[in-house]
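J.: So the chains spell out like this:
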Amino acid sequence: MSDILLQAENVGIRFGGLQALEALNLTVRDKELCCIIGPNGAGKSTFLNVLTGTLRPTSGSVRFLGHDSAGLPLHRIARLGIARKFQIPSVFPNLSVEDNLKVARWGAPSPVRPVGELLELVALGNRAATLAGELAHGQKQWLEIGMALAIEPRLLLLDEPTAGMTPQETLATAQMLLRLKGEFSIVAVEHDIRFVRALNCETLVLHQGRRLRSGPFHDIESDEMVRDVYLGRR
Amino acid sequence: MIARDRNWLLIFATCVALAIIYPFFAGGYQLTVIRDALIFGLFAASLDFFWGRTGILCFGHAAFFGIGGYIMALVTLNDAIPFGSLLGIMGAVAGAAFVAAIIGYFLFFGGIRGSYFTIVTLAMGVICQQAAVSWSSVTGGDSGLIGIPPIEFDLGGLHVDLSQDLPSYIFVSAIVAMTVLALWLISRGRWGTVLTAIQDNEIRAAALGHNAPLRLLVTFVLSAAIAGLAGALYVCMAGLVAPDLSGLLLSTEVIVWVAVGGRGTLLGPVLGAIFIQRAQQTISSFNPSLWPLLLGCVFVIIVFVLPDGILSIYARLKGLFKGRRRAQ
Numbered sequence: 000m001s002d003i004l005l006q007a008e009n010v011g012i013r014f015g016g017l018q019a020l021e022a023l024n025l026t027v028r029d030k031e032l033c034c035i036i037g038p039n040g041a042g043k044s045t046f047l048n049v050l051t052g053t054l055r056p057t058s059g060s061v062r063f064l065g066h067d068s069a070g071l072p073l074h075r076i077a078r079l080g081i082a083r084k085f086q087i088p089s090v091f092p093n094l095s096v097e098d099n100l101k102v103a104r105w106g107a108p109s110p111v112r113p114v115g116e117l118l119e120l121v122a123l124g125n126r127a128a129t130l131a132g133e134l135a136h137g138q139k140q141w142l143e144i145g146m147a148l149a150i151e152p153r154l155l156l157l158d159e160p161t162a163g164m165t166p167q168e169t170l171a172t173a174q175m176l177l178r179l180k181g182e183f184s185i186v187a188v189e190h191d192i193r194f195v196r197a198l199n200c201e202t203l204v205l206h207q208g209r210r211l212r213s214g215p216f217h218d219i220e221s222d223e224m225v226r227d228v229y230l231g232r233r
Numbered sequence: 000m001i002a003r004d005r006n007w008l009l010i011f012a013t014c015v016a017l018a019i020i021y022p023f024f025a026g027g028y029q030l031t032v033i034r035d036a037l038i039f040g041l042f043a044a045s046l047d048f049f050w051g052r053t054g055i056l057c058f059g060h061a062a063f064f065g066i067g068g069y070i071m072a073l074v075t076l077n078d079a080i081p082f083g084s085l086l087g088i089m090g091a092v093a094g095a096a097f098v099a100a101i102i103g104y105f106l107f108f109g110g111i112r113g114s115y116f117t118i119v120t121l122a123m124g125v126i127c128q129q130a131a132v133s134w135s136s137v138t139g140g141d142s143g144l145i146g147i148p149p150i151e152f153d154l155g156g157l158h159v160d161l162s163q164d165l166p167s168y169i170f171v172s173a174i175v176a177m178t179v180l181a182l183w184l185i186s187r188g189r190w191g192t193v194l195t196a197i198q199d200n201e202i203r204a205a206a207l208g209h210n211a212p213l214r215l216l217v218t219f220v221l222s223a224a225i226a227g228l229a230g231a232l233y234v235c236m237a238g239l240v241a242p243d244l245s246g247l248l249l250s251t252e253v254i255v256w257v258a259v260g261g262r263g264t265l266l267g268p269v270l271g272a273i274f275i276q277r278a279q280q281t282i283s284s285f286n287p288s289l290w291p292l293l294l295g296c297v298f299v300i301i302v303f304v305l306p307d308g309i310l311s312i313y314a315r316l317k318g319l320f321k322g323r324r325r326a327q
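Chains A and B, in that order, are what the protein sequence lines are. Per numbering that gives the first Met the number 0, residue 0 is the first one in the first sequence, and the count goes up by one each step. Per numbering that gives the first Met the number 0, residue 0 is the first one in the second sequence, and the count goes up by one each step.
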């Protein structure tokens, strides 16, 4: 199984008396797209932090290309080929859109895509000279995806990429990711069901820090238990 | 952006032209006054290179000025050392850079930023001044060291002797112009852009693969090295070195020069230093104790009302009128 990029085994994390995550397994193969969903407080962002190595699990292990990435400095994790898009759009407001992408490219060990191509990929071709701080919310999210692409990642981790987007922007983002699918692995944490439906990929459902269900999205969507959790019946 | 670069170069060229014509109109004494003000201008530019690009305020920058000054004095006053002026300048630059590297390493890699950095560097400045006072066998204590010879060296067949007013003015002006231009080129290029990114969001920059603490450290060391150079030049022109040169008052003054001249412009702080020292001389001639009081007030006003410097009044007025027009 040499095409396994990221493998999380039996991951658990405890904050004081709170068991935030328990016995989670996730295998991401090369160039695979998968989603992690779950209601608020299910531990999605915590799990993502564990996957990127910013949080060390109290039990279990996370291996990226066979290496333990837990506790590495941020810039080293980036250079391993893990790109991350934060939940709150975190672009550089005082730099132009173009400079934002340049800064991202400069950080990469071997950038491939030129800035012009990145601008087109994230639909910001006509905003290159705009200060990133002046972009609309959805455009900031896209710029951040573009910055993540600039470092030519092996794995792109997206934390609620569509938070605060209009339904149209959400669908456009899903299409953007579907176009990129097959170039590298993508793990998206989301709670907007429309977005996950549009991606229609392998999905892991978290509830109270545990795995509730996992499988292809169409199976998940019809699952009675998942519906109950989302509707707050359990 | 491009228009802004052109404006900067235009102002820079104007200043250089003024510096070139000035000796034709000014006497020896006036030349030395401007020369000394220019050295402090270089010092202000060094602080601006760090503060303006990283947004982190160093409140003990005079420590590096003083370290440079003392090293220069000790090297040139020691007859056993050949090529005193050149070695002294190199030692001053290296010494200031070394101290900055050690202090900066622990602060930047330890995650110290913002006001905490300011407070620690404030303490560093006070320690340096205290060391200069107490270590009197080397530093001469409170009265400092006197009789530092003017800069004199041979470089590739060129004999440089700065004991006269005009050559020293030309030498200092050329160094200030070249350094400011070099710092500007660094700031507007890739280095400066990444620093702006780090200032905006350091964690994000790190997540993109940038080693933010290292970049901040190198910027800080470069800034300190130039402050050390300014200190070395100053003590040779003044002929003496004293603990005040690494003291809190000078650290505060340099912040005011940068703030008044416009943080992040590099050229503004040089002009700010010249104009404020001019004002200081005029005001001190009425009453010597008036100046520190006034300086303190200006500092507080700038921090509260104009955090982006006096030049930002223009930008604010422009914004105000734009807003009015839009409202109508």
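Bear in mind the hints are in silico, worked out from the structure with no lab data behind them. Where is the CB? At the ideal position from N, CA and C, for every residue including glycine. There could be a bad hint or two in this list.
[What the hints assert, rightly or not] Residues from chain B shown here face chain A by an in silico Cβ test under 10 Å; the list is partial:
# : residue
1 : 12
2 : 112
3 : 176
4 : 209
5 : 216
6 : 217
[To be verified] Which chain B residues face chain A? A few, computed with CB under 7 Å, are given here:
#  : residue
7  : 16
8  : 195
9  : 199
10 : 206
11 : 277
J.: Are the hints correct? Go through all of them and say.
T.: Results of checking the hints against the structure:
{"no.": "1", "hint": "12", "result": "violated (26 Å)"}
{"no.": "2", "hint": "112", "result": "violated (15 Å)"}
{"no.": "3", "hint": "176", "result": "violated (28 Å)"}
{"no.": "4", "hint": "209", "result": "holds (5 Å)"}
{"no.": "5", "hint": "216", "result": "violated (14 Å)"}
{"no.": "6", "hint": "217", "result": "violated (15 Å)"}
{"no.": "7", "hint": "16", "result": "violated (32 Å)"}
{"no.": "8", "hint": "195", "result": "holds (6 Å)"}
{"no.": "9", "hint": "199", "result": "holds (4 Å)"}
{"no.": "10", "hint": "206", "result": "holds (5 Å)"}
{"no.": "11", "hint": "277", "result": "violated (33 Å)"}
In summary, the numbered hints that this structure violates are 1, 2, 3, 5, 6, 7 and 11.
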